[in-house]
Amino acid sequence: MNEFRKVVRLLSLLVLVAAPGARAQDRVMAGAFDAAHANGIVLITNHQNIFGVRFLVYRQGASVEESPRQFDFGRAAVDGSAARIQWRTQFDEKTPVLLRWSRVAKNIVVGRLTAPASVRVAVETYRPWGQTSGETSWPAFSVQPDRQAILGEHVHNQKSPAPLRRLLLRFDRTGIGAANYNDLAAMRAMLVRDGHPQQIASPTDYAVSRLAALSFDLSQNQSVGFVAVVGDDFDAMGREAAKALQKPLDEILDNADRIYDGARPISSGAIGESLESVTRWLNWNRYYWAERQLEFIAPTRRQGLLSQGAVFSWDSFFAGAMAAMLDGGIAASTMHALLEGQTVDGRLPLRRHLPGQAQASQQESIVTAGRSMPPVGTFCVWRVYLATHDLELLAWAYPRLKQWNDWWTADRGDGLAWRDGNGDGLLEFGIDAEAEMGAVGSKSLNAAARLRLSFSETGLEDRPQWPHELRAEASGAASASASPSGGHPPPNDELKYNERTHTVEFSPVGLNSLYALDTETLAMMARELGLSAEAQQLQTRYERIRDGINKKLWSEEDGLYLNRYWDGRYSRRLSLENFYPLIAGLASEERAKILLEALRETRRFGFEQPLPFIARNDPAFDGTTAGRGGSWAPANYLLYLGLKRYGFHDEAAQVAARCSLAARTSLEKTRRLPDLFPSAESRATEDDAETARPPVSDFAGLALWPAIEELINSDPWGGLAMGSVVAAEESRIERLRFSGASFDVIAGPKRTVIRRDGKIDVECEGPVRLRAYRVNDRAIGFAIETREQVRLLVPGAEGKKITVSVDDKVLGSTSPGAAASFRVPPGAHKVLIVK
771 MNEFRKVVRL LSLLVLVAAP GARAQDRVMA GAFDAAHANG IVLITNHQNI
821 FGVRFLVYRQ GASVEESPRQ FDFGRAAVDG SAARIQWRTQ FDEKTPVLLR
871 WSRVAKNIVV GRLTAPASVR VAVETYRPWG QTSGETSWPA FSVQPDRQAI
921 LGEHVHNQKS PAPLRRLLLR FDRTGIGAAN YNDLAAMRAM LVRDGHPQQI
971 ASPTDYAVSR LAALSFDLSQ NQSVGFVAVV GDDFDAMGRE AAKALQKPLD
1021 EILDNADRIY DGARPISSGA IGESLESVTR WLNWNRYYWA ERQLEFIAPT
1071 RRQGLLSQGA VFSWDSFFAG AMAAMLDGGI AASTMHALLE GQTVDGRLPL
1121 RRHLPGQAQA SQQESIVTAG RSMPPVGTFC VWRVYLATHD LELLAWAYPR
1171 LKQWNDWWTA DRGDGLAWRD GNGDGLLEFG IDAEAEMGAV GSKSLNAAAR
1221 LRLSFSETGL EDRPQWPHEL RAEASGAASA SASPSGGHPP PNDELKYNER
1271 THTVEFSPVG LNSLYALDTE TLAMMARELG LSAEAQQLQT RYERIRDGIN
1321 KKLWSEEDGL YLNRYWDGRY SRRLSLENFY PLIAGLASEE RAKILLEALR
1371 ETRRFGFEQP LPFIARNDPA FDGTTAGRGG SWAPANYLLY LGLKRYGFHD
1421 EAAQVAARCS LAARTSLEKT RRLPDLFPSA ESRATEDDAE TARPPVSDFA
1471 GLALWPAIEE LINSDPWGGL AMGSVVAAEE SRIERLRFSG ASFDVIAGPK
1521 RTVIRRDGKI DVECEGPVRL RAYRVNDRAI GFAIETREQV RLLVPGAEGK
1571 KITVSVDDKV LGSTSPGAAA SFRVPPGAHK VLIVK
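Numbering (our numbering), first residue to last: 771 to 1605.
Simulated from the structure, these hints should not be mistaken for lab results. Hints may be right or wrong, so weigh each one.
Unchecked claim - Derived EDC-like pairs (lysine to aspartate or glutamate); straight-line CA-CA distance at most 20 angstroms:
hint : residue 1 : residue 2
1    : Lys876    : Asp1002
2    : Lys1520   : Glu1558
3    : Lys1605   : Asp1578
4    : Lys1013   : Asp1031
5    : Lys1321   : Glu1359
What the hints assert, rightly or not - Pair by pair, the computed Cβ-Cβ distance ranges are:
hint : residue 1 : residue 2 : range
6    : Gly1551   : Lys1321   : 31 to 41 angstroms
7    : Ala875    : Gly1582   : 46 to 56 angstroms
8    : Glu1378   : Arg1526   : 36 to 46 angstroms
9    : Ala1033   : Ser1591   : 28 to 38 angstroms
Glycine included, each C-beta is placed from N, C-alpha and C at the ideal position.
Input sequences plus hints: build the corresponding full structure.
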């Protein structure tokens, strides 16, 4: 790196980078940003004026359905240009409600709601999430006398209010009822009692209505069209709305769908429409943090859970990394939202509920400040950077990620490290109860509760592979089979929470491996930012962790990395976390091959289906949940990356294919994208509802992602990578973004084709993997892996010669304008193509 580049990067690091939310005026966002209401649209202008519209289905004499119980995600464009969602109501399970909408201009959204004739619909305007601290405006809504429109406004207590502060919502038909109100519960009762909203008498002569609604009887016409306009002049907005409603809404929406379908990233072939499924999952889980003016992904929208607000957890790091090649902006702002929750001591809290939103559990603190997320943040931010080359994000995130990395072993103020209680260089799970619950609350926690809460730092609390839980679920002969080698578990296998250190007296392979990966990735970040001294310090830290894990957690007798008690005993119960040293690059080549053989054994894991989270011969295994041997998408994904890192391409491809098949099969049968697949040996019957409809969780898209990454990915150690050396069937991806360019990739047993912005860069006559792919108008460079000799073709460029070198040896040049063709022998090679 030259001195100029180093100075630029150091200056970037010193600049306080503004959050992505604080940007240009006159920005309008449209989406289902309210986590509780997939059945609605939120319009946000300049991050200050927020208008919500929700579509409520109800039946007189019965009840009001606030939020869908079961919904199917349709298309969802990033810019709001096309959206489609349908759901079945409790009143009619056969005929779905369909909501379609499209942003046809910066400030205009049109849409149509279609519903069964047996229900009524109330369209309610509201301000999502209530007021936030520091706000100087408040909403006011008013239904118009013609019962065809609602006006809304953000009233500002400032000299220069943000523009686009007014809303006009107009319908293509007249409502049967209309009202302005502040008492939501009273209006719900009125809908059920009277069948339509009526004006509730105000106790004062003057009141600002923060809610308004129009209701429609769909018994004659089963749809209602609408247009929503934001602006500053109601007269001008009215003319825009009237003009929009003069056009057939269905034609507008159909045209928007066609435009979206012609531009969206797509996949086909062996992986089917996996990319579209992931895109829908990500785009329907976009939310908004009003207080920080940030758009982010926090995939916590659950079917039928109205009170489920958006929650920051470690799942969002993975979602942000996945989104990087679809929308770099939302990927970066998601990382901002996560890291802005860092506590003063440096940790990232295990979970964080947004202010003003309902908590998932009333028994949990708004911020679980006494526990940390698993250390996956640096790895995910690095992958976002590799996909976007967003140097501002890297410079802003690096010091925060380094503080988190430092926290695990930092002195907490009494001479003890936060998560290295015995000072042996290995980490443990723990909880600092007073930091989360205060002195009063923490006194009520007994040792068992502290132990359970400590293990929640794993990110998955259902963990029967931890030895202390065996006694509660098995005894006698079952306990005797706990050792994979056939031996009995030690008689004193009870795990203990150490009150002095605030940690469990147990060193887990998974946590230490993820921390090693975090440290290694942080060193790569420091090198990219030109921070050579810090990079070397972090590299030394990584090597120290690597040596400690290899010395203390590797059992030569078992040929495995094993969790270890403080007294030196090993726990011989296995989960996929015992193989996380692969992703962190901790194992020697010899040990990696031994681990691979253990994964291949069907009595433990096997590659015939998605890998079970705990070993099949574990006494707790029943294949139903992650902790009991179900196949959990995050663990399969991390193992997939580890296998790829060590060049075990066949096995990695099997993991990708099995996860993809299971996810796509579930989508076909249940229209749901799960993150957990009950194993074939599951004790549950086919009639079991949970088996028939696999659980959907925050990591759902990860089940499909490995198969997509078999074609193209931001390799953490090699940059842009495309293709597969073991492609058994042809798969295709088109229009996927990477560093500002659109890539198409075709990977199969007979050819590998790379197109950039619609034009072929290079074509290979066979299955290959290209890594560290760099390209501009003058040159293409990459490392190529192939198992057989392959011929490469490069299209000609008008007036230009093409010169090719392989392993720094020039093969020759073409005549101007001619295409180039050359062969590469089996193995790994460097290729440079200069035009």
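Right, here's what the structure says about each hint:
A C-alpha spacing of about 14 angstroms is found between Lys876 and Asp1002, which places the hinted pair at or below 20 angstroms, so the restraint holds. The straight-line distance between the Cα atoms of Lys1520 and Glu1558 is roughly 12 angstroms, inside the 20 angstroms bound, and the hint therefore holds. The suggested pairing of Lys1605 with Asp1578 holds, with an alpha-carbon distance near 16 angstroms, which does not exceed 20 angstroms. About 26 angstroms separates the Cα atoms of Lys1013 and Asp1031, which puts this hinted pair outside 20 angstroms; it is violated.
Distance hint between Lys1321 and Glu1359 is fulfilled; the C-alpha atoms sit about 16 angstroms from each other, no more than 20 angstroms. Taken as a hint, the range 31 to 41 angstroms holds for the pair Gly1551 and Lys1321, whose Cβ atoms sit roughly 39 angstroms apart. With their beta carbons about 55 angstroms apart, Ala875 and Gly1582 fall inside the hinted range of 46 to 56 angstroms. Roughly 37 angstroms separates the CB atoms of Glu1378 and Arg1526, a value that falls within the hinted 36 to 46 angstroms.
Against the hinted window of 28 to 38 angstroms, the Cβ-Cβ separation of Ala1033 and Ser1591 comes to about 33 angstroms, which satisfies the hint.
Consistency with the previously given hints fails for number 4 only.
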